[in-house]
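If you read the protein sequences in the order shown, they are chains D and G.
Mind the numbering: the first sequence is residues 1 to 182 in this note's numbering, read in order.
Mind the numbering: the second sequence is residues 183 to 434 in this note's numbering, read in order.
Because the hints were derived from the structure by calculation, they are not lab data.
Treat the hints loosely; a few may be bogus.
A few chain D residues that don't get close to chain G, going by computed Cβ distances all over 12 angstroms [as the list claims (entries may be wrong)]:
#1 F24
#2 Q97
#3 P136
#4 I161
Beyond 10 angstroms from chain D on every Cβ pair, some chain G residues (computed) [claimed, not checked]:
#5 E228
#6 L297
#7 I427
To spell it out: a stretch of chain G is covered by chain D in this simulated footprint if at least three of its residues, at any positions, have a beta carbon under 8 angstroms from a beta carbon of chain D; those stretches are [stated by the list, open to error]:
#8 322-331
#9 360-372
#10 417-425
We put the beta carbon where it would ideally sit given N, CA and C, even for glycine.
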Amino acid sequence: MGMPITYTEQELVAALKERNNQAFAFLYDHYAGALYSIIRQIITDNSELAGDVLQEVFINIWRKIESYDQTKGRLFTWMLNIARNASIDTLRSKSYQNSQKNQELPENVYKGASNQTTQQNVDNIGLKKVLEKLKPEHRVLVELAYFKGYTHEEIAGMMTIPLGTVKTRIRNALLQLREYLK
Amino acid sequence: MNLKEYIASGIIESYVMGLAGDSERAEFEQMCVQYPELVEERRRFEESLEAYASEQAVRPPMEVKAKFLKAIITMENSKSPRSIGLLRFVAAAAVILLVGMVVLYYQVSQQNKDLTNTNKSLGDRLNQAEVALDKVTQEISGPSTTVVNMVGTKIAPKASANVYWDSASSHVYLLVKNMPELPSNEQYQLWALIDNKQKNLGVFDAKDKNIILQMDSTRKAQAFAITIEKKGGSPHPTLDSLQSIGKTQLTQ
């Protein structure tokens, strides 16, 4: 494949905005694993579907690269959010819901929160691994908000906790998460 | 609000991880414009998140990369250049078609105009001809008109013509019935015979049969004669070539 190409983030973004295929190949080689990881943390039970979502995510990156604004955050942050949103959309799609008929999502979450052993192998990657270090009542909220895509209002209704409490707990959980990431 | 408190509220993590609400996001972006330290804090969290995510990377299915690269090549080819090319082609074709139609319209309307003009002038000429014919018909059938039957001479036994002479108006009309065609350097000439003198009434060709020609007028005539003369006529008839002669009834 010739000489390895390296880019600074500035150069990479500029090349991506020019729709340079080589830059997209580089982007894939460097970030597909990290993005696939977050997809697998959301779509936990279907690696084929997760692969399709990964492809969709990169195509979306190609399509939307013009709208990426460096002043609002790093390229990876932007891509991570695209991957997370695409995964949650897939999770909520009718076809996925139909394939999951027998399982109620919130119940699943409770199980996940109280009984880690069942899905340990698949679940125990990425941010979810860090979540284990949080207190259970915090962990559930981050799980619902970040990995299932529920709004704070929905969570408050679901858990019968005041909205302000949901917000504070999630913020505190994220601050703790930050400490673990350091 | 105190910046330290703001940072300690968890807003940075909430924003970066996509969990902040719309108004929180807008406020945070506004704060970032004002406070470079906030941007710096955000960057640090983003970097640690990225580093951790990379550390925790999971190898994706092998075929996804090839599918993705194939898809962007397809999208690239089908997107801008070709569609603009097609658009240009369609636009150019439309312009050519429009110009073609304008030219065609112009030509057709011009032809139409020409035809209308031709039609009108033909109509005018037909009207004039009808008026003239009416006049001639009236005149030759009028009470003062003498019909002179010109008969062939020995050298031209078949030559025949009628002269209509209106003594009131002096008009002379010649109906050519059967006169042999002449070489191009010769013409027929009509004469009026008045008191043994010959008066020139004009020359004519006989290319068409059964046509009426208006000749020069004459007040008097005892007889009419037709001779063959050189083209343009002669001051005196060449009597050797006398083709046809007819006497008026009046003088007979």
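Checked hints:
1. F24: violated (6 angstroms)
2. Q97: Answer for Q97 (chain D): holds, closest chain G Cβ roughly 22 angstroms.
3. P136: holds (19 angstroms)
4. I161: Given a closest Cβ separation of 16 angstroms, the condition holds.
5. E228: Violated: least Cβ distance 5 angstroms, not greater than 10 angstroms.
6. L297: holds (61 angstroms)
7. I427: Label holds. Min Cβ-Cβ 107 angstroms, cutoff 10 angstroms.
8. 322-331: violated (count 0)
9. 360-372: violated (count 0)
10. 417-425: violated (count 0)
In the structure shown, a violation is registered for the earlier hints numbered 1, 5, 8, 9 and 10, in ascending order.
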